[in-house]
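Asks: In case you want the letters, here they are:
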Amino acid sequence: MEEETRRISRRSFLRCAAGAAVAGGLVSRRPWASVASAAAAARGTINFADVGVGDPGGDWSKFTGPSGWGVNLVAIGNAPAQILNVLIAGGGTRTYDIANVVGGMQKPLVENQVIVPIDPTRIPNWSKDTYIRDFLAPGKPGFDFIGYKGKIYGVPSILQGDSFAYLPDVTGPLDSYGALFDPKWRGYVALEDNYTTAGQKTALYMKTHKLATIGDPADMTPGEIKTVVDFLIEKKREGQFRVIWSSFEQAVDLLVRREVYVEDAWEPMVFAARKRGIKADYARPKEGYLLWAMAAYLIRNPARPPERERADYELLNFILGPWYGAKISLLRGYMTNPEAVSYAKAHPAEFTAAQANEVARTHANVKSKFQLGGTWQNRWPTHVDEYEAQWARFKAAPSK
Amino acid sequence: MGTVQGGAVQVGVRRADPSRVARYGILAIPMLFVALFFIVPLALMVVGSFWERAGFWVRPAFSVRAYAEFLTGVRLFVLRRSLAVAGVATLAGLVIAYPIAYFLARHVPERTSRSMLLLFTVPFVINYVIRNFAWTYLLGRTGPVNGMLMAAGLIHRPLDWLLFSDVAVLVGLITSYMPFMVYPLWLAVAAVDRRLVEASWLLGANPRVTFLKVTLPLSMPGIFAAVIFGFVGSFGESAVPIILGGVGYQMMGNTITSTLGVLNYPLAAAMSSVVLAAMLLFLAGWYLVFDVRSFLGKLVRW
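Residue numbers (numbering that gives the first Met the number 0), protein chains in the order written: chain A, 0 to 399; chain B, 0 to 301.
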C-alpha cells in the first residue's frame, strides 16, 4: 500500500476517503450522527485521528450510547512525515487520543515518543480476534505492523493484501507479477509511485524467480534495493512502463480508458473500474501478496486522566468489535475482525442480506490472501533513505 | 536644532510629520507581515540546510553534506531538467502570449480587451488537478485527439507520445501559466506611447522595424515580468509532471517532497535553498536591468 512520496499514493486516497467519509456523513441518511456523537459526549470526547478508512459513516452511536463518550474524528495524512508533523510539531500528542493509520509506523512513532504500548488484556475483543492470533501475533511477520521490540502498540483495525490489476479480455488470466515486466504488455503497464509497494512487489518477484539474491523483500539491504531498481530501470529503458501513478483516481482512470492493461494496483481500484463498466480483475499471484494492516495507536500523553484512558481503551475495543468491523468492511471492502461476518448475518435490521453477504465475501477474499502469504509491506525499512534515493534514481532514469 | 527664519534664530525640536508617521506606520504592516511569514521562514530554511540529521530530527551544525548529496546525486539531474523544461515552457508561453497581448492592446477596443482578459482567468476557476486530468483524457491513446487524427487518416495507430511524455508536460505547463503571462505583456504593450510608434512610421520605418526598434524594446519590462510569472510557476510545478509526465517525471517540487517523506529535512532545505537562490538571482536581474516603474506605472494609472 501507500506511503511516503508526496504523491497522492494510498495515503492520499485514504485522506480523500476521510474527506469523503466526513462529507458523506453530512449528506448521509444520518447527517446528525457525528454531531450527535459529540453532543452525546456526556463524559467527554475522544479525539480520533484517522486517515480515512476508520470512519463508520459518521455513526458512532453504538459507542457513544453505552460509553457516554463522544468521538471527534479528525482526518490526517498517512505519510510518516505527515504523521510526525501532526503529532509532534503540531502538538498532536496533546490533542489526539488515538491515531488510526496504516501500521508499521512503530519505529519512528515510538522513538519519537508519540505512542505508548497497548495492554491487550484491557481490550476484551482482542482475545476473540483470531486474525490477530493467526496473522499478527508475536513471531509472525505481520507483528511488525502492530508491534515493536516485543511490545504491542497498534490495534489492527483492518487487514488487506495487494497485488495487481489487469484487463482479462486483453491479457487473459494472469497469475504472476511477471506480467508487470512481460514484453507482451510493453508500454501498457503502470506502477505505483511508491518504493514500499512497487519496489517490494518487484523484489518479491525477483526473489521468487531467483532473478536476484534478496534476503527479505520487506527489508532490503542497500545493495538489494539497488539491484531491484537496476532491474526496474532496465525495464523502463525498454519502454515497459506507460506511467507510474500516484492517486486512486488516476489509477482507476488508466484502466477505464484502457491506457494500460496491467497495473500495480489496490483491489478497490478494480471495484471502481468495474462500476464504470470495465471488465477488470485482481490477480492472485503465485508469488503471494503484499500484505498490510491498519493500526490504531494510543497517543502518548502523560497528563491523560485515568478516566479518559479507560475511554480510549473502550474505543479500541469498539474498533475490534463486530458492528464496527462489519460496517468498515461494507464501506471500504477491507477485512476487519472475524466476528464481523457473523454479526452482519445475525442482525438483518442493521445489515441487509446482500450487505451481510458482501461482508462475508470480503472477509473470505482477504483471508485467502493472508493464507496464501507473500510479503508484509514495510513502511519504514531499515534503509529507508536508500530506498527513497534509489526510487528517485528510477524516476530520473531515461525512458524509451 | 536651530533654524534661521526671517533673520531670527529659532530654537526648537523638529516635530515628526504626522503624514510621514502614518505612511511608515501603514508601510510597516505589510513589511512586518512579509518579514514574519516569508523572510523568517525562508531564513530558517537556509539555516536548516546546514544542519545535520539526528535520528528522525535535525540538530544545529554547519554541514554542507546536504548540498553535496544534492549536487552529486540524481537530484541534480532533476534540477537541470526542471530548469530546461521551465525554460522551454516559458519561451513557448511567451511566443503565444505576446501576440495575444499585442493584439488586445493595439487592435481591440479597451472594453473588449478587458472582457478578453477576464476570459483568461476562467481556467483558474477550475481546479488545477481536474484541468490536468482533462488533458489525460484528450491526449490519451483512446482520446479525441488521437481519434481525430486516425479518423482523418493522418495516423494508423494512436500516438503514444501525446500523453505521459515531455510533450504532455509542456502542454500542461504552457496552458497553466501562459494566461498569467498575458497580463504583464498587455500592460507593457499598452503602456508604449503611441506617438513614438507614429513618429517611427513618419520617419519611414515599416511596421516590422517599428515593432523591433520601438514596441519590443519598450515592452521589455513586461516581457521579463511575464517570463518570471511563467518560469517561476513552471519551475515549481509538481502536479503537471505527476499527472502528465509518465514514468517518474520529476521536477524540483516533486523531489523535494519525496525527501520530506523520509524526513530528510536538511536535503529538502538544501534543494529548496538552491531553488530560492536561483529565483532571487532571476528577480535581482529584473530589478537591476529594468526600470520597474515603467511597468508598474501603467498598473497604477490603470
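Derived by calculation from the structure, the hints in this document are not laboratory data. From the three backbone atoms N, C-alpha and C, an ideal C-beta is built for every residue, glycine too. Treat the hints with care, as some may be off.
Stated by the list, open to error - On the chain A side, residues computed to face chain B include the following (Cβ under 8 Å):
| no. | residue |
| --- | --- |
| 1 | Lys235 |
| 2 | Ile243 |
| 3 | Pro347 |
Asks: Would you mind marking each hint as holding or not holding in the structure?
Replies: Now the hints, each set against the structure:
1. Here the hint on A/Lys235 is kept, as its CB sits about 6 Å from the closest CB of chain B, short of 8 Å.
2. Nearest Cβ of chain B to the Cβ of A/Ile243: about 5 Å, under the 8 Å cut. The hint holds.
3. Annotation: A/Pro347 was flagged as interfacial toward chain B, and the flag is violated, the nearest CB pair being 41 Å apart, outside 8 Å.
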